Each structure stands twice: as C-alpha cells, then as structure tokens.
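Residue numbers (our numbering), protein chains in the order written: chain A, 1 to 418; chain B, 419 to 836.
What the hints contain is simulated information worked out from the structure, not anything from laboratory work. Be a bit skeptical, because a hint or two may be false.
Below, computed lysine-lysine pairings styled on DSS-like, alpha-carbon distance capped at 25 Å [stated by the list, open to error]: (1) A:Lys224 - A:Lys194; (2) B:Lys612 - B:Lys659; (3) A:Lys268 - A:Lys194; (4) A:Lys175 - A:Lys194; (5) B:Lys642 - B:Lys701; (6) A:Lys283 - A:Lys241; (7) B:Lys433 - A:Lys15; (8) A:Lys175 - A:Lys15; (9) A:Lys280 - A:Lys268; (10) B:Lys686 - B:Lys659; (11) A:Lys241 - A:Lys284; (12) A:Lys224 - A:Lys15; (13) B:Lys642 - A:Lys194; (14) A:Lys175 - A:Lys79; (15) A:Lys227 - B:Lys645; (16) B:Lys497 - B:Lys593; (17) A:Lys194 - B:Lys645; (18) B:Lys686 - B:Lys776; (19) B:Lys433 - B:Lys645; (20) B:Lys698 - B:Lys686; (21) A:Lys358 - B:Lys702; (22) A:Lys227 - B:Lys433; (23) B:Lys612 - A:Lys194; (24) B:Lys659 - B:Lys701; (25) A:Lys224 - B:Lys776; (26) A:Lys15 - B:Lys645; (27) B:Lys593 - B:Lys612; (28) B:Lys686 - B:Lys702; (29) A:Lys358 - B:Lys433; (30) B:Lys645 - B:Lys497; (31) B:Lys471 - A:Lys175; (32) A:Lys227 - A:Lys15; (33) A:Lys224 - B:Lys433; (34) B:Lys497 - B:Lys471; (35) B:Lys686 - A:Lys15; (36) B:Lys659 - B:Lys702; (37) A:Lys53 - A:Lys15; (38) A:Lys283 - A:Lys268; (39) B:Lys701 - A:Lys224; (40) A:Lys280 - A:Lys241.
Note that the structure is predicted; figures quoted are calculated from it, not measured.
Given next are the chains, with one letter for each unit.
Number of protein chains: 2
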Amino acid sequence: MSIYDEMLALAEEAKSAAQIVANLSSGIKNQLLIRMADALEAQQSTLQQANAKDLVAARERGMATAMVDRLTLTAERIKAMADGLREVAGLPDPVGEVTSMWLRPNGIQVGRQRIPLGVIGIIYESRPNVTADAAGLCLKSGNAVILRGGSEAIHSNSAIGEILQQVLAAMDLPKGALQVVTTSDRDAVTELLKLEDQIDLIIPRGGEGLIRFVSENSRIPVIKHYKGVCHTYVDRDADLKMAEEICLNAKVQRPGVCNAMETLLVHKDAAAEFLPQISKAMKKSGVELRGCSAARMIVPEMAAATEQDWAEEYLELILAVRVVDDLDDACAHIRRYGSLHTEVIITNDYNASQRFLKEVNSSVVMVNASSRFSDGNQLGLGAEIGISTTKLHSFGPMGLEDLTTRKFIVLGSGQIRS
Amino acid sequence: MSIYDEMLALAEEAKSAAQIVANLSSGIKNQLLIRMADALEAQQSTLQQANAKDLVAARERGMATAMVDRLTLTAERIKAMADGLREVAGLPDPVGEVTSMWLRPNGIQVGRQRIPLGVIGIIYESRPNVTADAAGLCLKSGNAVILRGGSEAIHSNSAIGEILQQVLAAMDLPKGALQVVTTSDRDAVTELLKLEDQIDLIIPRGGEGLIRFVSENSRIPVIKHYKGVCHTYVDRDADLKMAEEICLNAKVQRPGVCNAMETLLVHKDAAAEFLPQISKAMKKSGVELRGCSAARMIVPEMAAATEQDWAEEYLELILAVRVVDDLDDACAHIRRYGSLHTEVIITNDYNASQRFLKEVNSSVVMVNASSRFSDGNQLGLGAEIGISTTKLHSFGPMGLEDLTTRKFIVLGSGQIRS
Chain A
1 MSIYDEMLAL AEEAKSAAQI VANLSSGIKN QLLIRMADAL EAQQSTLQQA
51 NAKDLVAARE RGMATAMVDR LTLTAERIKA MADGLREVAG LPDPVGEVTS
101 MWLRPNGIQV GRQRIPLGVI GIIYESRPNV TADAAGLCLK SGNAVILRGG
151 SEAIHSNSAI GEILQQVLAA MDLPKGALQV VTTSDRDAVT ELLKLEDQID
201 LIIPRGGEGL IRFVSENSRI PVIKHYKGVC HTYVDRDADL KMAEEICLNA
251 KVQRPGVCNA METLLVHKDA AAEFLPQISK AMKKSGVELR GCSAARMIVP
301 EMAAATEQDW AEEYLELILA VRVVDDLDDA CAHIRRYGSL HTEVIITNDY
351 NASQRFLKEV NSSVVMVNAS SRFSDGNQLG LGAEIGISTT KLHSFGPMGL
401 EDLTTRKFIV LGSGQIRS
Chain B
419 MSIYDEMLAL AEEAKSAAQI VANLSSGIKN QLLIRMADAL EAQQSTLQQA
469 NAKDLVAARE RGMATAMVDR LTLTAERIKA MADGLREVAG LPDPVGEVTS
519 MWLRPNGIQV GRQRIPLGVI GIIYESRPNV TADAAGLCLK SGNAVILRGG
569 SEAIHSNSAI GEILQQVLAA MDLPKGALQV VTTSDRDAVT ELLKLEDQID
619 LIIPRGGEGL IRFVSENSRI PVIKHYKGVC HTYVDRDADL KMAEEICLNA
669 KVQRPGVCNA METLLVHKDA AAEFLPQISK AMKKSGVELR GCSAARMIVP
719 EMAAATEQDW AEEYLELILA VRVVDDLDDA CAHIRRYGSL HTEVIITNDY
769 NASQRFLKEV NSSVVMVNAS SRFSDGNQLG LGAEIGISTT KLHSFGPMGL
819 EDLTTRKFIV LGSGQIRS
C-alpha cells in the first residue's frame, strides 16, 4: 500500500468515526476521557518503557539536553497528562448549544447551533503530552482526531495512542476516533495535507518551520500559531510602580513562552523617570536590555538595538526598549513589528486606554495587566489547544468552542418562498 | 514592474488602507455607501458605455446568449446595484460589538470584541454587479477589498471601480480601501494568492473550476462555496399536502440556484401514496424525474437514476427520487451524496424532527420549510456575501458578521501572573 493509500484509509476511518463521536452524549464523552486518564496512569510502566526507546535514540543522535528533557515522560508528567484529561472532562460541552435563535416575519424560526468540525489533524513536535492533551480536547468537542507527532517521540506517542485506543474499544467506540500516525515515512504529512474531503482542520503545533511547511502544503484549512512578539506600552500617565511590576512579570516570570513580553515601549514624557527604574529592576532579574538611541541617552549602559531586535521573539531574558513620541507612535510600532499576538498598555488615562483597545487589533489587547495572562486557561476558556495568530475562524487563545462550527437550524410549519 | 510586484504594491496599499477603514465610524461608512450608490446611478451612461465594450467583445467571441445577458448592465441592474449598497448601509454595523464579557477570579475582565478581518480578496466571474455588492459588504464590515472579476467583464468592472474610488477620494479616504485588479495578465490571481502577509481572506465566487483553482493555489485562507446538492426527505408521518407544496417550491421556484432541491428522499411507507401525487405535480411543472428501482415500481414512467444522479447538482428541472427504508437510511444517503449545503425533513413526528436536526450536520438543516430559504436575506442576516460549504470560520449563508473576527480585550488593574 502506498503512503497515500495508507493515509487515505486512515482518514476515511476517521471520517466515519467522526459521525459517531459527533452524536455522543456529554456523559459518554466525559466517561471516555476519565477512563483514558485512568488507563494512562495504570499503564505508567508501559509508557515509560516506550519512552525509554525514544530517549536512547535521542541520546545516540546527540539531542540537546533541554530537548531530551522535553521528551522525557516522568511519573509526574504522566499524572499531569491524566489530570489534563480529567480537567477537560469537567468542562462544559460546547456541542449542541444554540447560540441564538430568532423568528422571521414568515414564521420560520432560525437558530445557530454548535456542531463539531468533524476530523481534526494535529501535527506536532517533541512533547509527547500533546498526544493526550489534543486528543482530549478534540474528543470532548465531538471530533475525530489524527495525531502526527515528531519522529523523535514515535515510541512514546504510539504507546499513548494504543492505551487510548484500548479505552475506545472497551467502550465499543470506533478506534478511528483517535489515531496516531506511526509510520516513519516522511511523506505521511504531505499526503495527509491533501485529504480535504476527509479532514476538516489541520493544527500545526511547533516551530515556525513546521507551521510554514504545513500551511504552504495544505489544501485543508490550517489554524496557525506563529510567534509572539508581545509589546507593553507604558503611557505618559502610567502608574510607574504598576508598570514596573507588570513589565517584570511579563518578561521574567516565564521568558520562554509566546506570551512573554519582547519589546517595551515607553512614552517620551515617562522615559526619564521610568527607564532608570525598570533598567535597575530588569538588571536585578538578569535581563539584558537593548534600546533605541533615545533610551540609551537616558540609560547609557543599555546595548544598542538593531532593526532586527524590533521583530525578534527572543524567548529568553532579553528585552528590546524603545522610546515613543505618543500613543500613535506606539500603535504604529506595534503594527509594523508585532505578530498580532498580545499587546498591553499601562495607563491611568481613560481616553488612552480606549484608543489602545480600539486601534490595536492583535488577538489579545490588555489594559494594566501582564501579557502572561494571554492563555486559554488564564482567560477562562478552560483548556487550550493553541493560540491562533491568524484571523480566520479563531483569533487568539482557542478553547473547546473553537473546535466547533455552527450550522443553521430552521423550524418551519410548511413555509414556501414566494 | 513584474506582475508579482504590481500585485504586492496593490496589496500593500490595501493593507495600509485597511487600518483606516477599520476605525471609521458607522456613520461615515454608511454615508460612503450611500454616496457610492448615488454615484453609480448618476454615472449610468459611463457605466453602460464601458459595458458596451465588454458586450461587443463577448459577441465577437461567440459567447452564449445567457452569458451575454448576465454580463449586461441594464438601467434596472444599475439601480439594483445602487439599492443593494443602500440596503447594506442600513444594516447594523458588526464592528466593535462585544459579544460577551466575563470576570475572572483575579479581577481582570475578559471580553471578545468583533473587529474587521483586514483585507479581503474577492475573485469572481461574469456578473459585474458583484463588484459593487462585495465592495459594499466588505467596506461596511470595516475591511479593505481587492476585486478581481473575469476578463469578459473587465471594462464594466473597471468603470464601477473608478466610480466607487472617486467617492472614496471625495471623502478623503484612501483608494486602497477598494481596488479593482484590471490587468489582463492571467497570473494576477496566482500572484495575489501568495500574499498571505497582506491579504487575510480570499472568497472565490463562481464555478467549481475557479473555486478549486483558488483553493489549491492559495496560501491565504479561502472560504469556499461549492455546489448545493440539497435533499428533501419526506418522512412516514409527513403531511403529504405540505410535502408536495414544499417540494414543488424547492425544485421549481428557481431551479438554477444552489438552494434548489436536487434529490427527493421518500420513506418507504409514504412512497405508495406520495410518489404518484408528487410525480403528477412535478410533471405539470415540467420536471423530469429520475428514480431508484423502488420508486419506479410505483411510478413506472420515471426514468432510471444512475449512481451519478445522486451526486448531481442539476440546476435545472430534473429531480432524483429515492425510496429509503427509514430516517437512518435517509441520513446515510445525505451523508454519502450531500454537499453539506441544505437538507430538509418534512414530518409531523417530533422525534424524527429532533433526530434529523441533530444527526444531519449540513450548513442548514430545516424542518417543514422549503430549502429555498437557505439564503442570507431569507434567514435574516441582511445581505449575503456567499454560502460557505466548508466548516471553518463560517458555515452556511454568510452576512456582515462573517467578514469579521473577534479579538480578546482584557481590562485589568495591575494584575500579574503568579
């Protein structure tokens, strides 16, 4: 069987299973996720044996220690995967919700009702926990899921997939509802991306290279999660103590994630007071600052920022700093260099806050709060499948609702069109 | 300048204009549309002179009469375009609406607010009225628009574009807000489809060939509007008089459109009574029936349907007829052959209506009403930009709201993440 035929058969099985998953009650879906959680914990040693094979191969290939760490399935991480599934089981079921309904003059009632998307393909790298996390979110929202992880985690992902499929079988549910693509053939992804009649959505999770490859080769709609070049703008009328706390939190609390601050913009009238204050605080936390010339006039020990710094997602303890003339200038900088992820204004000026909220069209726009809140859990969506930086379908953190679409339902009593 | 550079410059102009259009008040946008409507009517003779060039070229190329008719800009059609713009001006503005807002335990308020998509590309064939209709919907929803019509309408579309741009200029708005691609270079579309950093959404409007070409070549998200193979299922417990009226309306009232019925499914217990009745009525309206063998046992003069008939979008007075065992069988047929557009059940059985509504996941699912209501205007969305048969972003008839996305807004008072 060619790799195309193999992927087609797998996708057809998913499509047929999707019909069944779409109509499961919330109770059954929750029970499924809880039993999956229990099975992962019960079969911890099986998982760790499979994981050991990946770890041996990784070390033989000389994988960096940080990467090996991400790949490792410790007992704690297995418990975290299981707890993640239990948490999703506890979230409200989006499927079936009628979000609005209205009456037309001719007497027909028209409503919009949430339904699953159908079949979702997740293409990801490294961390094996994505296998269980993504599966839980897709199943809870009534979708079938096809999971394709990186080759470096193939034994771990296969083992997780097998355990989850055993639970499906024990509950008389089709295994097509959750499939892990285990072939080592590198063309598997390319072939999957052609199956627009079977797969409804592709979500790539990983580095920019993976996301570009998927979006350039897919005939299936893709929701992309590119980088987060998040800005914090300290306005003229900011509370500078609050500004310091928020900036520190946004940069330092967890620098390696996409909602960490990468660029600080400071109003020119606040710069003389705020820049020395924040420089001192950042220095204490080990943050390297790279500033524009105006910033360096005030804090000369700052390194000089280059044009490239403004577009950089450092993901480490480095911060670009720019003095701006006013709010317009700040917004223009964000439009030019931002990645549509998350932007923050610190201000006590009502009008400035309103203008920033209106004029900045990134996926998350905040007043007086840390960009680190830009996360599905923190914003109250429950679990999160990712953060979309493209505007179609979903923009920003995506929860269960974002894995559904809406159909129109029409209740008539014999109406015809004249 | 290469065609790529030309399209890039045009798209950059659109992107920069989109910033301005996004922040226009509803009042200014409505005034813009009303003045555009007035200008089209005032310059009727200019439009008809340009249109005459297209008509001469069409006749020289031997274009079919029906196509020439679609291409013709009569005085009535120019008035209809203008009235269309006035109607859109009268619709509620979706931009800025906060669809929901909630409080998190830490005191931040989180809301979701509608914003424009940015730059929308419309790629269409034939009818020049699309130029004004699509422009009105895109501008009212705060987007910049790039319009690329068919080469057969190039003079008409250019003339409409020039008139609309004059109104933009008169109101001191950037002409990048609305641009008609007038180059005859066939690569213009291919190059536009690569500009994912400038264009946010592509909507192809036209035949299946155009839609396939666009979706296979685009790096930009595409909302597709494929064919409508719409089913009406007459249940065992249907009111057969109502069923007859609805079926006739769905097939005959306007057979050439995507929401016309193409396949009739009849429960086996209703077939003996209903098939002779509907055959007679359809025959009187000039409809050719093509039936399965069970249907032809009851109405022998029916032609035999082939496998191909079940998937056919006839768009003319032909109807495929199949006798099904029960509701499950009807749903299975729809899943296998349907196009996810619109499906109808005629029944007086409460449980059957609920099961059909739940189990059929086409974009519009109706009980006891004609499929001809599957249209943005009829369902109450105001004007319509198309009917999406793909599930991502929008599914079914698309109105102004579907040309927006939602950002998260967060109102804090100094919160940081712990």
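Q) Lys686 (chain B) and Lys776 (chain B): Cα distance at most 25 Å? A) Between Lys686 (chain B) and Lys776 (chain B) the Cα gap is close to 22 Å, so the pair holds against 25 Å.
Q: Compare the distance between the alpha carbons of Lys224 (chain A) and Lys433 (chain B) with 25 Å, and conclude whether the hinted pair is satisfied.
A: Since the Cα atoms of Lys224 (chain A) and Lys433 (chain B) sit roughly 20 Å apart, the hinted pair holds (cutoff 25 Å).
Q | Pair hint outcome, Lys53 (chain A) versus Lys15 (chain A) [Cα-Cα no greater than 25 Å] | A | violated (32 Å)
(Q) Need the status of pair Lys358 (chain A), Lys702 (chain B): alpha-carbon distance at most 25 Å? (A) Between Lys358 (chain A) and Lys702 (chain B) the Cα gap is close to 59 Å, so the pair fails against 25 Å, i.e. violated.
Q. Does the alpha-carbon distance linking Lys358 (chain A) and Lys433 (chain B) stay inside the 25 Å limit?
A. holds (17 Å)
Q.
Check the hint pairing Lys224 (chain A) with Lys15 (chain A) against an upper bound of 25 Å on the C-alpha distance.
A. Holds, at about 23 Å.
Q: Verify the proposed pairing of Lys593 (chain B) with Lys612 (chain B), using a straight-line Cα cut of 25 Å.
A: holds (22 Å)
Q: Measure nothing beyond the straight line between the CA atoms of Lys471 (chain B) and Lys175 (chain A); if it is 25 Å or shorter, mark the hint as holding.
A: Not satisfied, since the Cα-Cα distance of roughly 61 Å exceeds 25 Å.
Q: Below or equal to 25 Å on CA atoms is what counts here, so check Lys612 (chain B) against Lys659 (chain B).
A: violated (53 Å)
Q | Agreement of Lys497 (chain B) and Lys593 (chain B) with the hint, judged by alpha carbon distance not exceeding 25 Å | A | Satisfied, since the Cα-Cα distance of roughly 24 Å is no more than 25 Å.
(Q) With the threshold set at 25 Å, check whether the alpha-carbon distance from Lys686 (chain B) to Lys702 (chain B) stays at or below it. (A) holds (24 Å)
Q. Given the proposed pairing of Lys224 (chain A) with Lys776 (chain B), does the C-alpha separation stay at or below 25 Å?
A. violated (30 Å)
Hint compliance for this structure: hints 2, 3, 5, 7, 15, 19, 21, 25, 30, 31, 32, 35, 37, 39 are broken, all remaining hints hold.
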